[in-house]
Each structure stands twice: as structure tokens, then as C-alpha cells.
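There are 2 protein chains.
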Amino acid sequence: MESLAERRLRLMGPNVPTFYRDPVHIVRGEGVWLWDADGRRYLDCYNNVPHVGHCHPRVVEAISRQAGILNTHTRYLHEGILDYLDRLTARFDHGLTQTILVCTGSEANDVALRMAEAVTGKTGIIATDNTYHGNTRATSQLSTRRPPIGGYPGHVRLVPAPDSLHPVGGSPEGQAQAFAAEVARAIAELEEAGHGFAGFMLCPAFANEGLPVLPPGFLDPTIAVVRAAGGLVLCDEVQPGFGRLGSAWWGHAHMGFAPDVVTLGKPMANGHPVAAVVCRPDVMAAFRGAFGYFNTFGGTPVSAAAALATLEVIEAEDLVGNARDVGAHAFGLLRGLSHPRIAEVRGLGLFLAVEFVLEDGAPATDFAEEVVERMRQRGVLLNRIGRKMNILKMRPPMVFARDNAEMLAATLADVLDGMPA
Amino acid sequence: MESLAERRLRLMGPNVPTFYRDPVHIVRGEGVWLWDADGRRYLDCYNNVPHVGHCHPRVVEAISRQAGILNTHTRYLHEGILDYLDRLTARFDHGLTQTILVCTGSEANDVALRMAEAVTGKTGIIATDNTYHGNTRATSQLSTRRPPIGGYPGHVRLVPAPDSLHPVGGSPEGQAQAFAAEVARAIAELEEAGHGFAGFMLCPAFANEGLPVLPPGFLDPTIAVVRAAGGLVLCDEVQPGFGRLGSAWWGHAHMGFAPDVVTLGKPMANGHPVAAVVCRPDVMAAFRGAFGYFNTFGGTPVSAAAALATLEVIEAEDLVGNARDVGAHAFGLLRGLSHPRIAEVRGLGLFLAVEFVLEDGAPATDFAEEVVERMRQRGVLLNRIGRKMNILKMRPPMVFARDNAEMLAATLADVLDGMPA
Numbered sequence: 286m287e288s289l290a291e292r293r294l295r296l297m298g299p300n301v302p303t304f305y306r307d308p309v310h311i312v313r314g315e316g317v318w319l320w321d322a323d324g325r326r327y328l329d330c331y332n333n334v335p336h337v338g339h340c341h342p343r344v345v346e347a348i349s350r351q352a353g354i355l356n357t358h359t360r361y362l363h364e365g366i367l368d369y370l371d372r373l374t375a376r377f378d379h380g381l382t383q384t385i386l387v388c389t390g391s392e393a394n395d396v397a398l399r400m401a402e403a404v405t406g407k408t409g410i411i412a413t414d415n416t417y418h419g420n421t422r423a424t425s426q427l428s429t430r431r432p433p434i435g436g437y438p439g440h441v442r443l444v445p446a447p448d449s450l451h452p453v454g455g456s457p458e459g460q461a462q463a464f465a466a467e468v469a470r471a472i473a474e475l476e477e478a479g480h481g482f483a484g485f486m487l488c489p490a491f492a493n494e495g496l497p498v499l500p501p502g503f504l505d506p507t508i509a510v511v512r513a514a515g516g517l518v519l520c521d522e523v524q525p526g527f528g529r530l531g532s533a534w535w536g537h538a539h540m541g542f543a544p545d546v547v548t549l550g551k552p553m554a555n556g557h558p559v560a561a562v563v564c565r566p567d568v569m570a571a572f573r574g575a576f577g578y579f580n581t582f583g584g585t586p587v588s589a590a591a592a593l594a595t596l597e598v599i600e601a602e603d604l605v606g607n608a609r610d611v612g613a614h615a616f617g618l619l620r621g622l623s624h625p626r627i628a629e630v631r632g633l634g635l636f637l638a639v640e641f642v643l644e645d646g647a648p649a650t651d652f653a654e655e656v657v658e659r660m661r662q663r664g665v666l667l668n669r670i671g672r673k674m675n676i677l678k679m680r681p682p683m684v685f686a687r688d689n690a691e692m693l694a695a696t697l698a699d700v701l702d703g704m705p706a
Numbered sequence: 286m287e288s289l290a291e292r293r294l295r296l297m298g299p300n301v302p303t304f305y306r307d308p309v310h311i312v313r314g315e316g317v318w319l320w321d322a323d324g325r326r327y328l329d330c331y332n333n334v335p336h337v338g339h340c341h342p343r344v345v346e347a348i349s350r351q352a353g354i355l356n357t358h359t360r361y362l363h364e365g366i367l368d369y370l371d372r373l374t375a376r377f378d379h380g381l382t383q384t385i386l387v388c389t390g391s392e393a394n395d396v397a398l399r400m401a402e403a404v405t406g407k408t409g410i411i412a413t414d415n416t417y418h419g420n421t422r423a424t425s426q427l428s429t430r431r432p433p434i435g436g437y438p439g440h441v442r443l444v445p446a447p448d449s450l451h452p453v454g455g456s457p458e459g460q461a462q463a464f465a466a467e468v469a470r471a472i473a474e475l476e477e478a479g480h481g482f483a484g485f486m487l488c489p490a491f492a493n494e495g496l497p498v499l500p501p502g503f504l505d506p507t508i509a510v511v512r513a514a515g516g517l518v519l520c521d522e523v524q525p526g527f528g529r530l531g532s533a534w535w536g537h538a539h540m541g542f543a544p545d546v547v548t549l550g551k552p553m554a555n556g557h558p559v560a561a562v563v564c565r566p567d568v569m570a571a572f573r574g575a576f577g578y579f580n581t582f583g584g585t586p587v588s589a590a591a592a593l594a595t596l597e598v599i600e601a602e603d604l605v606g607n608a609r610d611v612g613a614h615a616f617g618l619l620r621g622l623s624h625p626r627i628a629e630v631r632g633l634g635l636f637l638a639v640e641f642v643l644e645d646g647a648p649a650t651d652f653a654e655e656v657v658e659r660m661r662q663r664g665v666l667l668n669r670i671g672r673k674m675n676i677l678k679m680r681p682p683m684v685f686a687r688d689n690a691e692m693l694a695a696t697l698a699d700v701l702d703g704m705p706a
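Chains as they are written, first to last, in my numbering: chain F, 286 to 706; chain G, 286 to 706.
One should not assume that every hint holds.
Only part of the chain F face toward chain G is listed, based on derived beta-carbon distances under 10 Å [said to hold, decoys possible]:
#1 344
#2 363
#3 421
#4 450
#5 574
Since the hints were made in silico from the structure, they are not lab data. Note that beta-carbon positions come from the ideal geometry of N, C-alpha and C, so glycine has one too.
Based on the sequences and whatever the hints tell you, model everything.
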């Protein structure tokens with residue numbers, strides 16, 4: 286009898302990653318819970334896509350109803366997309382009033398890169414050296430987990446990522462200026478190489494970089510450098526967006542800067558494939574004037590209904606407030622954990638991280654992996670991030686409750702207690 | 286009171302195209318029918334995305350059911366994607382047994398291009414000079430409706446598209462050899478420029494090129510040239526796939542050649558955002574070995590359920606047979622139309638085209654536009670293709686019936702009768 290893993294290998298090919306040494310066979314989800322084929326329940330502390338909870342009935346109902354009425358592209362008129370865009374852009378400041386709906390965060394970032402090109406007439410792009418902005422050919426060229434096919438092209442420069450334990454420039458206080466200086470150097474290189482500078486793409490929470498603790502105003506000097514050079518600030522909100530950080534709907538609001546372009550993705554429609562690019566009218570006009578962009582599945586009535594229902598649940602259930610309150614509770618509990626491998630506990634709303642290091646300060650990669658595996662064995666799903674994958678990453682559905690946080694922390698305490706010294 | 290068109294402009298920006306001078310405000314769909322906000326019914330002769338009919342209850346039910354049970358990414362195990370891929374790849378020959386599920390045809394073609402790079406170690410890509418393969422940065426570089434932002438890059442060569450009325454090489458008989466010679470010339474140019482040759486991307490029906498009538502074996506000399514040069518044949522089945530041509534499930538089967546990579550899109554899940562790349566294991570291994578591709582929304586349980594339901598309806602209702610039979614009936618009726626502007630009527634299953642030319646043989650672009658508008662006024666939705674947009678394009682849902690074909694032909698006869706000479 287062929288196992289599911291064997292079927293995957295036969296039908297999907299090699300190197301298609303699963304989580305965990307013993308991959309979980311999930312068959313059902315509800316709220317913060319997932320169930321496997323044996324009926325075992327797992328606390329989902331990892332998945333940000335089911336933002337308002339797995340299978341939220343209001344989103345399911347919206348998808349089901351609209352799928353039964355109409356689902357076409359946007360070359361006909363339909364209220365659905367407009368009703369949603371009105372609600373979405375009401376959540377933005379800085380003149381970010383116009384939107385392109387697409388299907389994935391990768392598509393959104395791929396568009397954002399071309400907006401920077403269209404506005405500036407240049408091609409040079411800067412990102413950090415420990416990030417991920419998507420899987421299209423263009424966005425994969427900014428993604429550093431593995432080099433893109435064909436290698437890194439000349440028009441891309443990767444600057445050292447902000448880091449809590451090993452700050453750029455050597456000190457937490459100096460990191461903001463040092464990071465801005467790295468960006469300025471990359472801009473000069475791009476200009477010298479003839480590419481010119483189009484834009485800087487960043488996650489405002491530096492999520493893939495490990496969610497570093499950064500001082501207030503950290504990005505101010507960098508944003509000033511980007512603006513002075515005539516480049517666009519391309520803000521990838523695929524992870525921090527829609528209230529994840531608890532303090533604001535968007536990561537750029539949390540960090541206190543004004544982006545030129547914002548991209549949205551994963552949590553936007555609770556799992557239905559919807560993503561977006563939000564920008565100022567002048568940026569949209571430059572892009573729309575240069576290129577006839579159309580996306581068949583972007584902004585269909587079903588996509589718009591799923592996204593609108595998700596947004597309405599975030600508002601109706603005050604999930605941003607929940608991320609703030611439960612996130613703070615979880616952060617406090619995790620900070621109370623004691624183990625010699627814990628170097629730092631970090632938290633922004635319902636985005637939490639625990640970094641492990643060895644006695645000599647080196648990344649405790651194997652330790653972190655073992656913790657993830659043991660948490661999974663005890664029914665708590667989370668995972669790892671960071672350059673050396675030594676940082677626990679927790680990013681649960683936004684309906685995460687206080688007792689869920691307590692179960693997470695108690696299980697982690699227990700697992701850490703049982704770990705070899 | 287702000288109109289829908291004004292809201293679109295405010296929220297979506299300029300140059301977001303709608304169909305028709307007076308865009309249709311569609312609110313409901315069922316089978317081959319669409320209804321506007323005033324309750325007026327339209328015969329949909331254009332939309333290939335609702336492949337098994339607008340709002341097919343079996344697809345709606347599959348989406349609704351699975352959305353209420355579980356929707357996660359593919360890093361856990363789930364039968365849904367495997368059950369679908371087994372059914373899908375059973376429809377392929379030539380060793381095409383492995384699949385990556387993505388969300389859009391653009392994403393699929395973007396992956397296919399990198400598969401050619403991964404296999405060959407080269408970057409040069411050839412496409413025709415009147416085609417469209419997607420809206421990502423990489424795929425837009427092969428799309429000729431408008432030049433891509435940043436211009437056409439050096440590693441892309443566009444060869445003259447096959448054409449019914451103005452065949453490449455000057456004669457219908459010689460077009461197959463002349464087309465192959467153009468491809469050979471482009472390969473030599475790519476090699477001379479140092480890019481090398483990675484692959485040739487084509488739609489096997491040359492749909493955007495205007496659905497030209499081509500002799501049997503037309504592509505054989507071209508495929509031989511591509512193979513001899515070590516390049517991959519990347520077959521974009523987004524339009525002809527899933528039985529549209531009536532004669533076979535896939536355009537490459539209709540044309541009688543063996544692709545290395547096949548991409549699927551629009552009709553695959555009747556409107557739910559699902560697309561795919563199907564290839565041989567050696568091609569998949571080269572890609573998966575070179576690049577850590579993961580797609581968050583690709584192959585989720587809901588996407589797999591929607592795609593499987595669509596495939597099962599195609600089989601259960603014998604929609605490929607319907608495309609053959611009703612397509613032939615429609616083709617016969619359209620061939621029976623008489624008007625001095627009709628240069629050629631072309632049909633492959635439920636993909637039909639009528640090319641209009643002026644008395645001097647020049648493309649009758651304005652005439653075609655006027656016909657499209659008048660058909661819309663009479664409740665029949667279709668549109669235009671071709672280098673000069675002088676070709677009617679008809680590509681209805683696959684449940685199109687004989688009396689639908691008769692309504693289409695009768696309405697078109699009537700519209701043509703009323704057109705100024």
C-alpha cells in the first residue's frame with residue numbers, strides 16, 4: 286500500500302518540503318485547532334493564512350453563497366470588488382487609495398517591483414539578505430533561502446538584515462544608522478553599475494529575518510535615504526498585515542513610516558487565494574500607463590466576497606485588539622520561561638519568536654529543530670525562522686485566546702525541561 | 286451618485302479595461318447564461334474560465350464542503366491534492382506524471398520558464414510575436430500586446446506567429462517549414478548572443494495568434510528543431526486544455542507532439558484560482574533540485590476539491606465530446622454565414638473564430654469591433670483577437686448546446702445583415 290508520502294514523491298517530485306520529521310496528516314480545522322486522521326487535536330500556533338480561524342463560518346458562507354451566484358473576471362462591472370476596495374483602503378493613510386487585486390503575495394510583490402520601475406525608470410532593487418518576497422522569477426531574485434535559478438542578477442542588492450543579537454553596525458543603538466548606511470551604499474552601487482535605484486522592498490516587521498527587536502524610529506533614517514535617492518518604499522505586509530502585530534492594522538503603521546506601495550497576501554481572505562497591491566494614484570497611473578496588467582482570477586466576485594468577509598470578521602471580533610491583548614499575555618508567559626538556550630524572547634502582537642543559542646552564543650539550530658519536533662509530538666504546531674533556523678516562529682490564527690497562549694507556554698516549558706542540557 | 290465606472294476609476298486607477306463601450310454589469314451566472322443588474326440575459330460565448338458552466342452546482346458544492354472542513358497549505362499531508370493529481374496525470378502521455386499546483390496560469394508559465402533554465406543551464410526563450418503567456422515580470426517579457434516594463438530583454442526572441450491569411454513563408458504549404466526556420470534562426474541568435482537556448486513556449490492552438498488553420502503536422506519540423514538544439518518544449522494549455530478543442534483533452538495531443546512541460550490554468554477549477562505545471566520526473570527533479578519552490582495557496586484542499594469536481598464534471602457530462610459535436614455544429618453554421626467582410630471562419634471544437642478583412646484585404650478592425658458591440662446589444666457576449674483585433678473570438682463554457690450555437694449564429698447573421706456595407 287502506497288503511503289501518502291510515497292504518493293507525494295510520485296506525483297509532486299522530490300524536494301517538496303513537509304513540516305516535521307513525521308509529517309502531520311491534517312483532515313479538519315476549526316478556529317485555532319487542527320485534527321489529524323487519527324482524530325488527534327493540535328493547537329495551531331503557526332498558520333497565519335487562516336487569519337480569523339480555520340474554517341470561520343462567516344467566510345465559508347460568503348464563499349459558498351457567491352460561488353453559487355456568479356464568479357467572473359473584472360472586465361465586467363461588479364459591486365463586489367468595489368465594496369471590498371472601499372473597505373480595505375479606508376484602513377490606509379498616506380494617500381494609499383488604489384488597489385490591484387491579484388491571487389498571491391508573490392504576484393503582488395512582482396507587480397510592486399514593476400511599479401518602482403515604472404515610476405523611476407530605473408531597475409535597481411534592494412532587499413535584506415535574509416528574506417523572502419515570493420516565488421515568481423522576479424521576486425525569487427530577492428529571496429535568500431536558496432539562490433534563484435540563474436543566480437542573483439546585477440540589478441539586485443541585498444543588505445545585511447537587522448538582527449537582535451548581532452545588530453548591523455555592532456550596537457542596538459547604532460543599528461538604525463548603520464542599516465541606513467548599508468542601504469545608501471547599495472544605492473550607490475546600483476547607480477554606479479548603471480541600473481539606477483528603483484526601490485527598497487522590505488517586511489516592516491522583518492519577519493523572515495527573525496522578528497528582531499528594533500528601537501522606535503528604526504527605519505526613519507533608511508526611509509530618508511531611500512526617498513532622497515528617488516526610490517520607492519515597497520512594503521511587504523504579507524505577514525504583518527491585517528492586525529497581526531496588535532498595535533495597528535499594518536506593520537508600516539506600527540513602525541511609523543509612509544510606504545509608496547503596500548502588498549498584502551496570505552491572511553487576506555482566510556485561505557482563499559487573494560492578494561493585493563495598494564498604492565497612491567500617481568504610482569498606479571505610472572504602472573497602468575506603462576503596462577496593460579490584467580489578472581483573470583484577481584478580484585473575482587468570490588475572491589472579493591471571501592476577502593470582505595475576512596475583513597468584517599477582523600472588525601466584528603476586534604481581532605486586532607485580541608492580537609494586542611493575547612499577544613501581550615503570551616509574550617509575558619514566554620518571557621517567564623527559563624532555559625540556558627533561550628537568548629531572547631520577542632513578540633509583536635500575535636507574532637512571537639524565541640531565539641536559541643549555544644553556550645558560546647552560536648545559533649542553536651539543532652536544539653530549535655528538536656524543540657519544534659517535540660512540540661508537534663505534544664500537539665502544538667509551530668516552526669522555525671532565522672538565518673540559521675534557530676528561532677521559534679509562532680504566528681497563530683488571530684482568534685488565539687488566553688488559554689491557548691497558556692497551553693503554548695506550558696507545553697514549551699515542559700518540552701524545554703525535558704531537553705538534554 | 287458615483288457610478289460603478291467612476292468607483293472603478295477611483296479605487297482601481299486608470300487603464301483598467303472593461304469589455305464593451307457600455308460595460309455589462311453582471312450579477313448572476315448559470316450554465317452558458319449571464320444576467321445583468323436589470324435582469325437581462327446574455328448568452329456567454331466568450332468565457333472559458335467557467336469551463337463546465339457558470340456556477341456548476343457540483344463545483345460549488347465541492348468548494349463549499351471543503352472550505353467548511355479544512356483549507357491549509359501543502360506542507361502537511363492531505364489526500365485531496367494527491368487524489369486530484371492522480372486523476373489529472375492519468376490524462377497525460379509522454380511521461381508527464383508530475384505536477385506543481387499554483388494559483389494562476391501566469392505563475393505556471395513563470396515556473397515553466399525556470400524549468401527550461403534548470404534543465405538546460407541556459408536562459409534563451411522563444412515565443413511568437415503575437416501571443417500572451419502571463420502577467421508576471423518574466424512571462425510578460427514574452428507577451429506582445431504591450432511591451433513589458435523595462436523593454437524586451439536580450440534572452441527573449443519572438444518569431445512571426447503562424448497566420449491563416451498571411452502565412453509565415455508566404456504559402457500555407459510552406460508555413461510549417463518556414464516557421465521552423467524562423468525558430469532555428471532565433472535559436473542561432475540566442476546562442477550567438479551568449480544566452481543559449483532554454484526553450485520554446487507556445488500555445489498549441491495559437492489561440493492569441495488568432496486560431497490559425499494549420500496543416501496536419503504543422504509543428505513537427507519546429508519541435509524537431511527545438512529538440513535538436515537541446516531546448517524544452519513548453520506547452521501553454523491555459524486556453525486549449527481540458528478538452529476545449531473537442532478532439533482531445535490537450536492541444537498538444539490535437540497537434541500530435543510531445544511537450545516537455547505543460548501549463549494549465551483558467552478553466553481548471555471553473556473559476557477558483559488554480560493552475561498547474563505538469564512535466565516529466567527528470568524535468569521536475571532538475572527544477573526541484575535547483576530551487577526551493579513553494580506556493581502557499583497552490584494545491585490547498587479547497588483548490589484540489591474545486592479542480593477535482595471540475596475534472597469529474599468534464600468526464601461525467603462528456604464535455605469533450607460535447608465540444609466536438611456542438612463545436613462542429615457551430616462551425617458549420619458560422620461557415621454558412623455570408624458577408625463580404627468575412628475572410629475566414631475557423632473552429633477547433635468550442636474555440637471558434639471569424640476573421641474580417643476590408644475589400645483590399647486589410648484587417649477590418651473597426652468592423653469587428655462594431656460587430657462585437659452589436660452582438661452585446663443583442664445579448665450575445667463574445668470578443669476579438671488577432672494582431673489587429675479583427676478576428677471574432679468565441680470560447681463559450683463547454684456545456685454550450687446545439688440551440689446555443691444556433692442562437693449565436695442567427696444573431697451574428699442578423700448583426701452582419703445590419704452592418705453598413
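Hint by hint, here is what the structure shows:
1. 344: holds, 8 Å
2. 363: At about 6 Å, which falls below the 10 Å cut-off, the nearest Cβ of chain G leaves the hint on residue 363/F intact, so it holds.
3. 421: Hint holds; residue 421/F Cβ to chain G Cβ min 5 Å, cut 10 Å.
4. 450: violated, 25 Å
5. 574: Nearest chain G Cβ about 7 Å off; hint holds.
Figure legend: structure checked against the earlier numbered hints; the only hint not met is number 4.
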